Amino acid sequence: MATLIINVSDLESVKARLDAAFRGEPQGCAYSFNSEESLLSMLTPNRWAIVKALLGSGPLGVRELARRVGRDVKGVHTDTQRMVLCGLIDKTDDGKLLLPYDEVRVDLHCQAAA
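Residues in the sequence shown are numbered from 10 upward in steps of one, following the numbering used here.
I should point out that these hints are in silico values taken from the structure, not numbers from a laboratory. Quantities reported herein were computed from a predicted structural model and do not represent experimental measurements. Ideal placement from N, C-alpha and C gives every residue a C-beta, glycine not left out. Just to be clear, a hint being listed does not mean it is correct.
[Claimed, not checked] Heads up, simulated DSS-like pairs for lysine-lysine below, C-alpha to C-alpha not over 30 angstroms straight-line:
#, residue 1, residue 2
1, Lys100, Lys83
2, Lys24, Lys83
3, Lys61, Lys24
4, Lys83, Lys105
5, Lys83, Lys61
6, Lys24, Lys100
7, Lys61, Lys105
[Unchecked claim] Distance ranges between label pairs, derived from CB positions:
#, residue 1, residue 2, range
8, Lys83, Asn16, 25 to 33 angstroms
9, Asp81, Ala123, 45 to 53 angstroms
10, Ser66, Ile14, 16 to 24 angstroms
11, Asp81, Asp28, 39 to 47 angstroms
12, Val93, Gly33, 26 to 34 angstroms
13, Asp102, Ser44, 31 to 39 angstroms
14, Gly84, Lys24, 15 to 23 angstroms
15, Leu107, Asp28, 22 to 30 angstroms
16, Arg114, Ser50, 16 to 24 angstroms
17, Asp102, Cys38, 19 to 27 angstroms
18, Ala122, Phe31, 30 to 38 angstroms
19, Gly84, Ala121, 37 to 45 angstroms
Construct all of the structure, not just a fragment, from the sequences and the given hints.
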């Protein structure tokens with residue numbers, strides 16, 4: 010089962026993971042945002058529904074995706090374009106949308122200030 014972990018990481022943490030990957034150390038699949046605000050801004054409830062609909066589905070056209078999430082095509086197109094531009098979902102050569110994972114986990118932490 011392929012799992013994507015969406016998290017918040019600073020630039021140094023991302024660089025450290027890349028360095029480890031170049032050394033051949035497995036890193037798993039991760040997508041990192043630079044702040045909690047940017048993660049929450051991107052993963053709105055409507056976009057989260059798109060993520061869930063794409064999981065394990067294979068490539069889908071915008072119309073079929075809109076049907077599956079119960080929204081209008083224009084709104085789904087706008088949301089998916091934004092997600093494609095930031096690299097969260099893929100677009101195939103024939104224009105279909107793809108999230109090639111079976112599971113997505115969002116890793117978001119908050120703790121009291123020291």
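Hints the structure violates: just list their numbers, smallest first. 2, 14
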